[in-house]
Amino acid sequence: MIKRRNEQGQYLLQLTSMVDMFTIILVFLLKSYSTSAYQITPSDQITLPLSESQQDPEEGVKIIVSNQLVSVGDAVVMQWQGESGWKKFLHKKNDRFLPVLHNSLNEQGKQSEALQEINDKINVKKRLVLQIDKNTSYVLLKTIMATASLAGFNDFNLLTLKE
Amino acid sequence: MRRVRITKNPETEDLDLAPMLAMIVSLIPILLMSFTFYHTAVVDAKVPAPAAKATSKKKDEVKYKVYLQLNDDRQVMFLVKQKEKVVSKVTVTSKAGQFDLGKITSEARILRKKWSEVAKLQMIPSDGVSYDEIIQVIDKVKDQKKTSELYDEVIFSNIFKG
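Heads up: the protein sequence lines correspond to chains A and B, in order. My numbering puts the first residue of the first sequence at 4, with every later residue one more than the last. My numbering puts the first residue of the second sequence at 26, with every later residue one more than the last.
No lab work stands behind these hints: they were computed from the structure. Note that the structure is a prediction, hence the values are computed from the model and not measured. Each residue gets a CB set at the ideal place from its N, CA and C atoms; glycine is no exception. Among the hints, erroneous ones may be present.
If you want the ones that stay clear, here's a sample from chain B, every Cβ over 10 Å from chain A, calculated [unchecked claim]: (1) T61; (2) Y63; (3) A66; (4) K71; (5) K90; (6) L104; (7) V105; (8) S119; (9) G122; (10) S131; (11) R137; (12) D157; (13) K167; (14) T172; (15) E174.
Pairs of lysine-lysine residues, derived as BS3-like cross-links and limited to a Cα-Cα distance of at most 30 Å, are as follows [said to hold, decoys possible]: (16) A:K90 with B:K186; (17) B:K186 with B:K108; (18) B:K128 with A:K145; (19) A:K137 with B:K186; (20) B:K138 with B:K170; (21) B:K114 with A:K145; (22) B:K186 with A:K95; (23) B:K186 with B:K145; (24) A:K65 with B:K186; (25) B:K71 with B:K90; (26) B:K110 with A:K145; (27) B:K170 with A:K96; (28) B:K88 with B:K170; (29) A:K165 with B:K108; (30) B:K71 with A:K65; (31) B:K171 with A:K165; (32) A:K96 with A:K129.
Covered by chain A, according to a simulated footprint, are these stretches of chain B (three or more residues, beta-carbon under 8 Å) [what the hints assert, rightly or not]: (33) 39-45; (34) 138-150.
All chains should be modelled from the sequences, with the hints used to inform the complete structure.
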């Protein structure tokens with residue numbers, strides 16, 4: 004019978020399994036590595052639609068549209084209950100105009116222009132980045148776009164998830 | 026009983042994984058910080074400038090305009106207009122109650138080829154069409170790969186009227 008003895012009595016740490024695990028994690032992370040300068044985290048209140056577009060997001064004023072609220076930046080400007088509850092925010096004489104949203108966008112536009120006055124190198128374009136829930140009806144979307152257009156925003160980036 | 030002596034071959038050594046592990050452990054936190062859970066993209070869309078605020082009255086050199094009408098019954102109509110007069114009309118019927126995206130793409134290619142000077146598509150969705158469906162249709166008619174086989178720009182032309 005053959006017996007093997009470790010005369011020093013030390014336990015040798017087995018690193019092979021750990022390196023295997025780290026290598027797999029490393030490969031996975033390398034695959035998901037992003038070098039994009041501008042990152043947008045989608046809101047957890049909405050489900051974005053899928054798209055084949057490969058165009059990266061650019062800097063702009065962020066609007067989140069769900070079936071219960073509209074927020075500009077971090078501020079909630081409109082909140083309602085029910086599917087058509089947002090219609091209470093419409094202007095009495097114009098069914099394509101949301102005064103609350105228009106005011107908020109105007110303020111954002113002024114802030115951007117003020118920034119540009121301070122630093123000429125900042126090239127501020129009046130761009131809106133819209134995060135809209137995929138089940139939103141076109142009525143709300145066109146009302147928001149019409150209002151934003153009246154506030155001077157004509158360039159819209161509709162945020163989607165890459166397919 | 027015969028004794029068997031096992032001797033270690035002095036030329037074989039265990040592989041030293043410590044430096045490799047050190048490198049991997051350094052890389053993983055860096056990559057974790059730049060890890061993206063969601064890969065987002067944007068669909069560029071334009072709107073017509075409001076008539077009251079149109080700052081430039083550039084002459085519209087394009088004679089023709091191509092419209093894409095999305096109806097509530099998921100039927101699609103391509104309209105080619107020359108100064109509000111309909112020159113061509115193509116209807117794409119729905120497929121299983123949904124927009125027939127394959128047919129929409131093929132018709133868009135045909136129209137783009139026929140009226141190659143028109144690079145913008147005027148979209149007219151109905152109120153009952155959902156945002157998800159609009160995005161799907163835009164994907165199919167917009168030139169993502171810059172091949173000039175489809176349209177460069179999509180404009181929501183009925184946000185003020187219709």
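Hints and how they fare:
Annotated as non-interface, T61 (chain B) brings its C-beta within 10 Å of a C-beta of chain A; the closest such distance is 4 Å. Some Cβ of chain A comes within 10 Å of the Cβ of Y63 (chain B); the nearest lies about 5 Å off, and the non-interface call is violated. Against chain A, the non-interface label of A66 (chain B) is violated: not every CB pair exceeds 10 Å, the least being about 4 Å. Listed as outside the interface, K71 (chain B) is inconsistent with that label: its C-beta sits roughly 6 Å from the nearest C-beta of chain A, within the 10 Å cut-off.
No beta-carbon of chain A comes within 10 Å of the beta-carbon of K90 (chain B); the shortest separation is about 18 Å. Consistency note on L104 (chain B): stated as away from chain A, and its beta-carbon is indeed over 10 Å from all of that chain's, at 18 Å minimum. Every CB of chain A is more than 10 Å from the CB of V105 (chain B) (nearest about 23 Å), matching its label as outside the interface. Distance to chain A confirms S119 (chain B) as a non-interface residue, since its nearest Cβ pair spans about 17 Å, more than 10 Å.
With 10 Å as the threshold on Cβ separation, the claim that G122 (chain B) sits away from chain A holds: the shortest Cβ distance comes to roughly 16 Å. Every C-beta of chain A lies more than 10 Å from that of S131 (chain B), the closest at about 16 Å, which supports listing it as non-interface. The Cβ of R137 (chain B) sits about 17 Å from the closest Cβ of chain A, beyond the 10 Å cut-off, so the non-interface label holds. A Cβ of chain A approaches the Cβ of D157 (chain B) within 10 Å, the least distance being about 4 Å, so the stated non-interface status is violated.
Distance check on K167 (chain B): its Cβ comes as close as 8 Å (rounded) to a Cβ of chain A, failing to clear the 10 Å threshold; non-interface status is violated. Taking the minimum C-beta to C-beta distance to chain A, about 14 Å, the non-interface status of T172 (chain B) holds against the 10 Å cut. For E174 (chain B), the non-interface assignment is confirmed: its Cβ lies about 14 Å from the closest Cβ of chain A, beyond the 10 Å cut-off. Taking the CA atoms of K90 (chain A) and K186 (chain B), the gap is about 17 Å. The hint holds against a cut of 30 Å.
Distance hint between K186 (chain B) and K108 (chain B) is fulfilled; the C-alpha atoms sit about 17 Å from each other, no more than 30 Å. For the hint pairing K128 (chain B) with K145 (chain A), the CA-to-CA distance comes to about 26 Å; that is within 30 Å, so the pair holds. Restraint check: the Cα-Cα separation between K137 (chain A) and K186 (chain B) comes to about 23 Å, which is no more than 30 Å; the hinted pair holds. The hinted pair formed by K138 (chain B) and K170 (chain B) meets the criterion: a straight-line CA distance of about 16 Å does not exceed 30 Å.
A threshold of 30 Å between alpha carbons decides the hint, and for K114 (chain B) with K145 (chain A) the separation of about 25 Å falls inside it, so the pair holds. Among the hinted pairs, K186 (chain B) with K95 (chain A) is consistent with the structure: their alpha-carbon atoms are about 17 Å apart, no more than 30 Å. Between the alpha carbons of K186 (chain B) and K145 (chain B) the distance comes to roughly 19 Å, so the proposed pair stays at or under 30 Å and holds. For the given pair, K65 (chain A) sits about 25 Å from K186 (chain B) by alpha-carbon distance, which is consistent with the 30 Å threshold.
Taken as a hint, the K71 (chain B) and K90 (chain B) pair is honoured in the structure, with Cα atoms around 15 Å apart against an allowance of 30 Å. Taking the CA atoms of K110 (chain B) and K145 (chain A), the gap is near 25 Å; set against the 30 Å cutoff, the hint holds. A C-alpha spacing of about 43 Å is found between K170 (chain B) and K96 (chain A), which places the hinted pair above 30 Å, so the restraint is violated. A hinted pair counts as satisfied when its Cα atoms are at most 30 Å apart, and K88 (chain B) with K170 (chain B) qualifies at roughly 26 Å.
With a C-alpha separation of about 38 Å, the suggested pair K165 (chain A) and K108 (chain B) falls outside the 30 Å cut-off, and the hint is violated. Between K71 (chain B) and K65 (chain A), the direct Cα distance comes to roughly 16 Å. Compliance with the 30 Å bound is thereby established for this hinted pair. Straight-line distance between C-alpha atoms of K171 (chain B) and K165 (chain A) comes to about 18 Å, which keeps the hinted pair within the 30 Å bound. Distance hint between K96 (chain A) and K129 (chain A) is fulfilled; the C-alpha atoms sit about 27 Å from each other, no more than 30 Å.
Remark: the region 39-45 of chain B is confirmed as covered by chain A, as 3 of its residues place a Cβ nearer than 8 Å to a Cβ of that chain, reaching the required three. Only residues whose C-beta sits within less than 8 Å of a C-beta in chain A count toward coverage, and the region 138-150 of chain B has 1 of them, not enough to reach three; the restraint is violated.
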